[in-house]
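Please model the complete structure; the sequences and the hints are all you need to start from.
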Amino acid sequence: MGVMTDNAADAHFDATMTSRAPRLVRYLSLVAILLALTNGRAALAAETMALHIPSQTMVLPNGLTVVVSPKDKLPIAAISVRFKAGSAYDPEEKAGLSDMTARLLDKGTTTRTATAIAEELDFLGARLDATAGGTGSTVSLSLLAKDIDRGLSLFADVLQDSRFEAAELERERTSMLSQIQQRRVNPRQVVSEVFREVLYGEHPLHRPISGYASTVSQITRDDVLAFYQRFYVPNNAIIVMVGDFSETRMLELIERVLGGWQARPLDQITLPQPSPTQGKQVRIVDMDVNQSYVQFGYLSVRRADPEFAAIRAMNYILGGGGFVSRLTRSIREEQGLAYSVSSDFVGGSQFPGFFSAGLQTKIDTTSQALKSLFAVIDRMKQTLVSADELTDMKLYYEGSLPRRAESYGQVAGLLVDREFFGLPDSYWELDIRHIQQLTPQEIQRLAQRYLEADNFVLALVSKRQQLDLADAPIPPETIRYVPAP
Amino acid sequence: MLLVTSLIIGCSLGWAEEGFHLDIKEWRLENGLQVLILEDHAVPLVTVQVWYRVGSRNERPGITGISHFLEHMMFKGTPKYGPGLYTQLIQRYGGTQNAFTSNDMTAYYSVLPSARLELALDLEADRMAHLLLEPNELKAEREVVKEERRLRENTPTGPMYEVLDALAYKAHSYHWPTIGWMSDIEAITREELEAHYKTYYVPNNATVIIVGDVDASQTMAAVRRYFESLPQGPPLSPVRPPEPPQLGEHRAEIPRPTALAALAMAYHIPAFEHADALPLEVLGQILSQGQSSRLYRDLVYERQLATSISANADLRIDPGLFTIVSMVQAGKTPAEVEAAVYEQIEQVTAESIADRELEKAINQALSGFVFRQDSIQQQGFTIGSFHILQSYKVINEYIERLRHVTKQDVARVARTYLTKTNRTVVTIVPMSPPKAG
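Protein chains in written order, with the working numbering: chain V, 1 to 485; chain G, 1001 to 1437.
Source of the hints: derived by calculation from the structure; they are not laboratory data. Fair warning: this is a prediction, and the values are worked out from it, not measured in the lab. Every clue listed holds true.
Partner residues aside, some chain G positions facing chain V, computed with beta carbon under 10 Å:
#1 D1040
#2 V1043
#3 E1147
#4 A1259
#5 G1290
Glycine is no exception: its CB is placed at the ideal position from the N, C-alpha and C atoms.
As structure tokens, this is what we get:
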């Protein structure tokens, strides 16, 4: 399902970035390079579990963490910057601010108009994306290697000198308000937004990343500028470059265009933790649809949890393994109730992540599908997985390793996550070694600990007059009809 | 891995200048099976794909959607590998797999460690000839396909595309949607599925495409071992009839529970093989590729009439459609968007295209071409779709042919095809004002 991403830096990252004086950092960065080289090369795993991604890490004097990884299949490069700056930091009455900032990033700088930026990117056949998430914002560029100088110069410009003209803000506001209206009539989006609202309760992550009509209307240019100046700073960022260049060359390129980027002191931001999911909360939105859209889940673990890989391996058998998962086998293959059904654990960073299971089924079979969903989850907790299921799952993880790092963008993603979530070097190999040691008893323990049937949020978009939940495993008193968020 | 940078840049420039050559090896077995292999040793993976030249184009009223339904049933077992085993075996070795159906083609694909190549070959050869179509599996899967259709119906723009096709085509089988009409999905029999399977799932109507970390000649020997014994099917009859010329504009307005209105337009254009196909692709790029494109800049950025717009030459085996699709900004009307689109089309036909726009279109095609090679699955898709529509050989001529497209060509195809009598216009309009939030 992957309805939201909570992709922020962990505390370790933040502390490293803020505490160093420029001169000292220069020295430390050399040490960091040596360490990174040693770690990277030494971490080569034995035989089948090896996925060696060569990389070098360096911290610039302005606090920017730089990771480069050479890849020579194609004459291209993928560059990705992630800031600890997401919707969780938007003021309540300005929800959508981080999204607005990301959308406006390439709409003009002090030296380039929005039109000039679009023209240059298109002429190079390059792609620039800026998106806000729950606790992180990501700006990425992919282009042909021959265009690297022009591309990086433009990239550095939008990162450091975005202008946020009032006219551009108004354009983007109009567009966001239209999209918010449309979000509210799309059942897929409605179910995931209702789920998020209830799941995170009073916590800032309850809000849609693009905010509400009432909050987007209130965002001013000063708000955007303040957000940009506060969060889009080198000492709050990680940059990863995967390209058809040597490591040295990539480090030089990045230092040249981003070395002069001004660091700023970072405010200490302390946000409250969300309350754990308590009791059963069922929320239904009545819409003119011919299927019920179901999303079930509860707050759960962080990405950096030492058990995260094992939990996801357990979930592979439950609902993460596509057609071989128990949920798909039962609900789709055996009963023909849904086109797609799956479950996932989405790891949080400084806040808990969540478990989510979702499906769509015709209105008349909503109760039957819900019963099956609960039954499959319950069986995971009550009985041991078979030896075959366990073996298949282990083989899958082992064999899928090369696929996880095939493209330039995938490699950049693995490295960005490593830095952002504070994961160990070669975590993709360590995870698999952890998974290889799982037993049926261990899987059952994980299921009993991390699968919930008593405390949950169940979001439903359906057609009220046709919906009959009398037979569903839901106490009627937990049901509330709500409008689309 | 660690090369001198200037050398790499030099190389890549040279590579870009000479055009891209994918060294695809071709074989044809006695039974008519075509095999295309591209070695790519960057990652120890291989993609095995089987492309059948069958889609909703090959259907008739009463059994619409049967090609897609059959695609679902292809995962439901043979005597040798029972229901679900295809998926289970591919995933057991870390692979991923899926399939898709369009008007013109049905493709099955897996990506797995290259050491497991033969597993995928065995599974594909087996289900090309020995599908069970077991009644109980059929019963459950029919419901799954119906859920898939419902899922599409529930999007805010819902039936926009199927109404567009149904209005644009009267005689040709492009008239109905690939997923089929609900009443046909409900009515299709096991016998009809079996007949469809026996007609089209034959070696002489299939192309096996393999891209990845393999040796081409050894791979070919393995392909022979698994596929050579499959019997050739009878020759396939041509699809009929061709679509007669459109005599005047077709229009429909559909009320929907949507907040934003939407607009979809379609113009008949020639088939993929036609000489005008490339100028039409360039026209689509100039109109809507990127934020500097004409339609985006005028309608989305400058005038804020739309939240999105795309123009695209949908090139098919038989004459296809040039489509323009737009979501209308709140407070604006489809009529305003439509009028603005016509203004832009008029400007293109008046030969206002700049040299730089053409160059930009070529650059975009070039980088798109390179980026698609970043994944062996995408490489396989490029080869497969070109080959079904015409021939894989066209891939290596593509960039060079693109360079020969002139501004005059683009203006001419716009003048020729984007005319009032040749167009179909479908608008989606909100049923009632959206509820206040």
